[in-house]
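Residue numbers (the working numbering), protein chains in the order written: chain A, 1 to 114; chain B, 1001 to 1113.
Some hints could be false.
Claimed, not checked - Among the chain A residues that face chain B by a calculated CB cut under 10 Å, a handful are:
(1) 6
(2) 33
(3) 44
(4) 53
(5) 92
(6) 110
(7) 112
What the hints assert, rightly or not - Now the in silico label distances, taken between C-beta atoms and shown as ranges:
(8) A:3 to B:1022: 27 to 35 Å
(9) B:1052 to A:56: 19 to 27 Å
(10) A:39 to B:1082: 37 to 45 Å
(11) A:55 to B:1042: 22 to 30 Å
(12) B:1059 to A:3: 43 to 51 Å
(13) B:1112 to A:66: 30 to 38 Å
(14) B:1076 to A:59: 19 to 27 Å
(15) A:83 to B:1072: 34 to 42 Å
(16) B:1031 to A:53: 22 to 30 Å
(17) A:52 to B:1067: 18 to 26 Å
Stated by the list, open to error - If you only want the chain A side, here are some residues facing chain B, beta carbon under 10 Å, derived:
(18) 12
(19) 14
(20) 18
(21) 37
(22) 42
(23) 43
(24) 58
(25) 74
(26) 91
(27) 93
(28) 95
(29) 105
(30) 107
(31) 108
The hints are simulated quantities; they were obtained by calculation from the structure and are not laboratory data. All C-beta atoms, glycine included, are put in the ideal place defined by N, C-alpha and C.
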Amino acid sequence: DTGVSQDPRHKITKRGQNVTFRCDPISEHNRLYWYRQTLGQGPEFLTYFQNEAQLEKSRLLSDRFSAERPKGSFSTLEIQRTEQGDSAMYLCASSFDRFTDTQYFGPGTRLTVL
Amino acid sequence: GESVGLHLPTLSVQEGDNSIINCAYSNSASDYFIWYKQESGKGPQFIIDIRSNMDKRQGQRVTVLLNKTVKHLSLQIAATQPGDSAVYFCAENRVFGNEKLTFGTGTRLTIIP
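With the hints as extra help, turn the sequences into a complete structure.
Right, dumping it as structure tokens:
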């Protein structure tokens, strides 16, 4: 499968714990995006990378959230001290580096904070 | 504020009929529009896109129409099949520094056998 992959697909954690998600983009894609989707809503942008550089962060990305893409390939999204409001689907997408290049999404990681 | 919105949250269509899903956007600076299909438990799947210099674009069984005058976008699905049942999102992207997609709430399309 040469699409975007995400791991894990599901994560259940207790409030206050830290969690880390991984995204592997399509191999030729320079850009990698993270979105969050809550039930019944469209995805909301969190942050994106051009190669290893994080170029934009949404106001949704509080200081408990951190994302990295150290070698310009896979990316990780860490949430520290999780809260129940963090429960959502976390989606990763990748694309080439023109604004009209299609963003292809992975299957998402569903996070449930108890 | 700026938003991409959908007129109808749900739509039911008889199998074999055509369906039309509508979307309104508020920012006249939007340059690029995309339709995504999302099935339960999966990530959004690209269907078709259109640039602001076009009015219409066709794919396999799908057509996207863009009316910049009234800032309206529609997705037409011909000869609907049970596999078309999903939530459909329109999304917009803008040129010059704004790389993120802005999604609407979505329309749930149900195909009735």
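Taking the hints in turn, this is what the structure says about them:
1. 6: 8 Å, holds
2. 33: Holds: closest Cβ of chain B sits about 7 Å from residue 33 of chain A, inside 10 Å.
3. 44: 7 Å, holds
4. 53: With a closest approach of 12 Å, the residue 53 of chain A hint is violated.
5. 92: Holds - the Cβ of residue 92 of chain A comes within 10 Å of chain B, reaching about 8 Å at its closest.
6. 110: 8 Å, holds
7. 112: 14 Å, violated
8. A:3 to B:1022: 27 to 35 Å: 29 Å, holds
9. B:1052 to A:56: 19 to 27 Å: The hinted range 19 to 27 Å holds for residue 1052 of chain B and residue 56 of chain A, with Cβ atoms some 22 Å apart.
10. A:39 to B:1082: 37 to 45 Å: 23 Å, violated
11. A:55 to B:1042: 22 to 30 Å: 27 Å, holds
12. B:1059 to A:3: 43 to 51 Å: At roughly 19 Å between Cβ atoms, residue 3 of chain A and residue 1059 of chain B fall outside 43 to 51 Å, so the hint is violated.
13. B:1112 to A:66: 30 to 38 Å: Violated, at about 46 Å.
14. B:1076 to A:59: 19 to 27 Å: Violated - the Cβ-Cβ distance for residue 1076 of chain B and residue 59 of chain A, about 36 Å, lies outside 19 to 27 Å.
15. A:83 to B:1072: 34 to 42 Å: 38 Å, holds
16. B:1031 to A:53: 22 to 30 Å: 23 Å, holds
17. A:52 to B:1067: 18 to 26 Å: This hint is violated: roughly 40 Å between Cβ atoms.
18. 12: 15 Å, violated
19. 14: 23 Å, violated
20. 18: Interface hint status for residue 18 of chain A: violated (24 Å vs cutoff 10 Å).
21. 37: 8 Å, holds
22. 42: 3 Å, holds
23. 43: At 5 Å from the nearest chain B Cβ, residue 43 of chain A passes the 10 Å test, so the hint holds.
24. 58: 8 Å, holds
25. 74: Where the cut-off is 10 Å and the nearest Cβ of chain B is about 16 Å from residue 74 of chain A, the hint is violated.
26. 91: It holds, given that the least Cβ distance between residue 91 of chain A and chain B is near 5 Å, below 10 Å.
27. 93: Check passed: Cβ of residue 93 of chain A comes within 8 Å of chain B, closer than 10 Å.
28. 95: Hint holds; residue 95 of chain A Cβ to chain B Cβ min 9 Å, cut 10 Å.
29. 105: Result: holds, 4 Å to nearest chain B Cβ.
30. 107: Holds, because the Cβ-Cβ distance from residue 107 of chain A to chain B comes to roughly 5 Å (cut-off 10 Å).
31. 108: 5 Å, holds
Comparing the model with each numbered hint stated earlier shows that hints 4, 7, 10, 12, 13, 14, 17, 18, 19, 20 and 25 do not hold.
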